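Participant: Residue numbers (numbering that gives the first Met the number 0), protein chains in the order written: chain E, 0 to 427; chain W, 0 to 427.
Keep in mind that the hints were calculated from the coordinates and are not lab data. Keep in mind it's a predicted model, so treat the numbers as computed, not measured. It cannot be assumed that every hint is accurate.
The list treats identical chains as interchangeable, and a pair is accepted whether it falls inside one copy or across any two copies.
[Claimed, not checked] Think about it this way: if two alpha-carbon atoms lie no more than 30 Å apart in a straight line, the pair counts; the simulated DSS-like pairs of lysine-lysine are:
| no. | residue 1 | residue 2 |
| --- | --- | --- |
| 1 | K51 | K392 |
| 2 | K92 | K6 |
| 3 | K92 | K392 |
| 4 | K92 | K116 |
| 5 | K288 | K51 |
There are 2 protein chains.
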Amino acid sequence: MRTLRAKDFGLTREVEYGTPEQNEAVSQIVEGVRTKGDAALLDYTEKFDRVKLEAAQLRVTEAEIQEAYNHVEADFLVAIREAAANIRSFHEKQMRQSWVDVQPDGTMLGQILRPLKRVGVYVPGGKAAYPSSVLMNVIPAQVAGVPEIVMVTPPATGGKAGIDPYILVAAAEAGVQEMYRVGGAQAIAALAYGTATIAPVDKITGPGNIFVALAKRAVFGAVDIDSIAGPSEIVVLADDTADAAYVAADLLSQAEHDEMASAILVTTSAKLGEAVAAEVEKQLATLPKADIARASIEANGAVLLADTLNEAIEAVNRMAPEHLEVMVNEPMSILGRIENAGAIFVGPYSSEPVGDYFAGPNHILPTNGTARFSSPVNVDDFVKKSSLIYYSKDALLANGEKIMTLARHEGLEAHARAIEIRLEREGN
Amino acid sequence: MRTLRAKDFGLTREVEYGTPEQNEAVSQIVEGVRTKGDAALLDYTEKFDRVKLEAAQLRVTEAEIQEAYNHVEADFLVAIREAAANIRSFHEKQMRQSWVDVQPDGTMLGQILRPLKRVGVYVPGGKAAYPSSVLMNVIPAQVAGVPEIVMVTPPATGGKAGIDPYILVAAAEAGVQEMYRVGGAQAIAALAYGTATIAPVDKITGPGNIFVALAKRAVFGAVDIDSIAGPSEIVVLADDTADAAYVAADLLSQAEHDEMASAILVTTSAKLGEAVAAEVEKQLATLPKADIARASIEANGAVLLADTLNEAIEAVNRMAPEHLEVMVNEPMSILGRIENAGAIFVGPYSSEPVGDYFAGPNHILPTNGTARFSSPVNVDDFVKKSSLIYYSKDALLANGEKIMTLARHEGLEAHARAIEIRLEREGN
C-alpha cells in the first residue's frame with residue numbers, strides 16, 4: 000500500500016454519466032416501453048436476457064416463491080430472518096408522526112406525513128444479486144407503510160427464466176408480494192410509466208448496471224429515484240491502539256468488491272501504517288478474490304499519515320467516506336467531530352460486515368463524497384409530507400393587511416385581493 | 000372557464016429539460032467557471048448582466064446592506080419580520096434529534112443528525128426577485144443549524160450593480176451574512192466548484208430561469224440541489240357551501256403568476272362551478288395582470304364536475320397539486336383521504352396567499368404531480384444523517400457466525416474473514 004501525507008490527500012472521483020451511445024440506447028428503450036408497453040418489455044427481454052416470455056409469465060408466481068424455500072439452506076434462512084428483524088427494528092425507530100400546532104386564535108398549522116403509495120425495487124441479476132440488498136431496499140419502505148412494494152429482477156439467461164431462490168426468499172421474508180422477472184433499462188421504464196402488466200410506481204430504488212442507472216436518471220421527475228451509487232469506500236481512522244490485523248481485514252472486505260473500490264487507513268501512527276500494509280499483504284495471500292482486492296488496494300488504497308488526530312479527522316471529513324471505522328483510544332470522544340460519513344463503525348468489534356449484513360442500520364450509503372449532504376437510505380425516503388394550514392377568521396382579520404403588504408410589494412395584486420375580498424366581507 | 004368531467008381529467012405536463020443549445024451553453028459556462036474561477040465569473044457577468052466588476056466587488060458590503068434598510072417602507076419591514084418569525088417558528092417544530100438505541104449486550108445503534116455545513120441560495124433578479132422566497136429558502140437552512148448560508152443574486156443591469164433593497168433586507172432579516180452579486184449559470188457553477196472569492200457549498204437551493212435550472216442539474220452530484228420547480232398550480236376542492244367569490248379570487252391569485260400556471264376547481268356542485276366561472280370573469284375585469292391571468296385560465300384553468308365527493312377527491316389525488324384548498328362542509332373530515340398535495344389550505348379563511356407569505360409553512364412546494372413522492376422544503380432538506388454502529392464483543396461473538404453465513408453466500412469471503420479473525424482471537 001502506498002503511504003501519503005493525510006493533509007495532501009483528497010478523494011475526487013467523477014460521477015458516471017455514461018457514453019452518448021449508452022444514453023441513446025437507454026433513451027430508445029425507455030421510449031419503446033413507454034409507448035409500446037408489455038410488447039416492448041418482452042422484446043427487450045428476449046434481446047438482452049435471451050429469454051422469450053409472454054406477458055402472463057412476467058409475474059413471479061406464488062408457487063415459485065414457495066418452491067424457492069426448498070433451495071436455500073436452513074442456516075441462511077435463520078440468518079436472513081434475524082437480519083431482517085434487526086433491520087426492521089432499527090428502521091422502526093426512525094418513524095415520525097404527523098403533527099399539528101394549535102394556536103390560541105384557532106389557527107392550526109402542521110405537517111401531515113404519508114407513505115408513498117407504490118415503490119419499485121430493482122434487484123440486479125447474476126453475481127450482483129445480493130439478498131442483503133433486497134432487505135435493505137425493501138424494509139425501510141415497508142416500515143414507512145408503503146402499501147405496494149414491487150420487485151423487478153432479470154430472468155436467468157438461457158431460456159429457463161428462473162430467479163435466484165435466495166433473492167426470492169429474501170424478498171418474501173422482507174414482505175414483497177409482487178415480483179416480476181424483468182431487468183435492465185426496460186424494467187425501469189415499466190416501473191416509471193407502467194404497462195398492462197406492471198402498474199407504475201412513485202419511486203424506484205435499488206442498484207444496477209450502467210443501463211439501469213442511466214434509465215433511472217432518465218425517468219427521474221416522472222417518478223422519484225434513489226441516489227446512484229458510486230464505487231464502495233471504507234476509511235479506517237486508527238491510532239496505535241488499533242489491531243493491525245483487524246484493520247487490514249476490514250480494508251480488504253471493501254477492496255474485494257471491485258477494482259474501483261477504495262480502502263484507506265488514516266492514522267497518526269506510522270508503526271500501525273506499516274503493520275497494516277504488511278497484514279494486507281499477508282491476508283491477500285489466501286483470499287479468493289485476491290486479484291480484485293489487490294488491484295483495488297493498488298489503485299485506490301492508501302495509508303494516510305497525519306501528525307495529529309485533528310489532522311486525521313480533517314482528512315476524514317474531506318473524504319466524506321461511505322463507511323468510516325473508528326479504532327482509536329476512546330473512540331466515542333471524537334464522534335462529535337466527524338462531520339461527514341455515511342455510517343460510523345465504532346471500536347474493534349464493529350467490523351464493517353456487521354453493518355453490511357446484520358446489525359440493522361442500512362447498508363445503502365452515500366458514496367463519492369456525497370455524505371457531505373446526503374444520508375443512508377431510511378424511512379424518510381419513503382414518506383412524503385404535506386403542509387396543513389387552517390387559518391381562523393380571527394387570524395385572517397388580524398394578519399390580512401400584512402399579507403396584502405407583502406403581496407403588493409411583489410406586484411401580485413390578485414394575491415392581495417384574495418385577502419382583501421375576505422377582509423371586506425368578514426371584517427367589522 | 001371550460002367545464003369538464005372530473006373523472007376524465009388528468010394533469011400531465013412535461014419536465015423542462017431545455018434545448019440542446021441551452022444545455023450546451025450552460026455546460027460551457029459551468030466548465031468556464033470551474034476551470035477559470037473568478038475571471039470567468041466576471042466575464043460572464045459583463046456579458047450577460049452588462050456590468051463590469053472586479054473580484055473585490057462581487058461581495059455585497061455590510062454598508063450596502065445597512066443602506067438598503069433606508070429604502071424599504073416601515074410596513075414592509077414590519078410584515079417581513081413577522082413573516083420571518085412565523086416561518087422560523089413553524090420550521091423549528093420540524094427539528095429532530097440524533098438518537099441512540101442502547102441494547103442489553105452493550106450494542107449501540109443510532110442515527111446522528113448534523114446540519115449541512117454550507118448552503119447557497121439563488122435569488123433571481125428583476126421582477127422575479129421575491130423577498131418572500133428569500134425567507135422560505137434561507138430560514139429552513141438556518142433553523143437546521145447550517146453555519147454558512149450564502150446568497151447569490153444578479154446585479155442590476157446597466158452598470159450600477161445594485162441589488163434590490165427589499166431582497167437585501169429580506170436576506171439580512173433571515174440571517175444571511177454573505178451575499179454576492181452574481182447570477183445565472185455562472186453563479187451556480189461558482190457555488191458548486193468554488194472560486195477564489197466564493198467558497199464552494201454543499202447544496203444549492205432557490206428558483207431561477209432555464210439557465211439556472213439547467214446549471215443546477217449539471218452540477219448535481221458535486222453538490223446537492225433542491226427540486227426544479229414547474230409552473231405553479233392551485234386546485235380548489237369545494238362543494239355548494241363554498242363562497243364563489245373567494246374561490247374565484249384564489250384561482251386568480253395563481254393564474255396571475257404566468258400563463259403556464261394552472262388554476263382548477265373540482266366540485267360536486269354545478270351551481271358553484273357556474274358561479275365561480277362568472278366571478279372569475281368579474282374579478283378579471285379590474286385585475287392589473289388580467290392578460291396573464293386570462294391566458295392562464297383559458298389554457299390551464301378548468302371547472303371539474305364530480306358526481307360525488309369521492310370522485311372529486313380521486314381527481315385531486317390524481318393531480319397531486321402543489322396547492323390544494325379545501326372548501327367543503329366539514330373540511331377536516333376528508334383530510335385523511337387527501338393522499339397527494341404539497342400544501343393543504345383548509346376552510347374559507349385559509350386563502351393561498353396566507354401560506355405564500357405569512358403563516359409559517361414553506362411556500363416552496365412540489366409541482367408537476369411530484370407531490371406523489373416529494374415534500375415542501377423543510378428542515379430535513381438541510382440535515383444529513385450518519386448511522387452509528389457500536390457492536391460489543393458479546394454481540395459480535397453471539398452473531399458472528401450468522402454474519403459470516405450471509406457474507407459467504409454472497410461470495411464475499413473477505414467480509415466473512417473480517418468477522419472470523421475476530422472470532423478466532425476473541426472467542427473462547
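Participant: How would you label the pair K92, K6 (within, between, both, or neither) given a Cα cut-off of 30 Å?
Facilitator: So K92 and K6 fail the 30 Å test inside a copy (38 Å) and across (40 Å) alike.
Participant: With identical chains treated as interchangeable, where does the CA-CA distance between K92 and K116 reach 30 Å or less: within a copy, between copies, both, or neither?
Facilitator: both (21 Å within a copy, 26 Å between copies)
Participant: When no copy is named, should K51 and K392 be tagged within, between, both, or neither for a Cα gap of at most 30 Å?
Facilitator: neither (65 Å within a copy, 52 Å between copies)
Participant: Measure nothing new, just compare the shortest in-copy and cross-copy C-alpha distances for K288 and K51 to 30 Å and report within, between, both or neither.
Facilitator: The answer is neither: 34 Å in one copy and 59 Å across copies each exceed 30 Å.
Participant: For K92 and K392, with the copy left unspecified, which applies at a CA distance of at most 30 Å: within, between, both, or neither?
Facilitator: between (39 Å within a copy, 24 Å between copies)
In this structure, the hints that do not hold are numbers 1, 2 and 5, in rising order.
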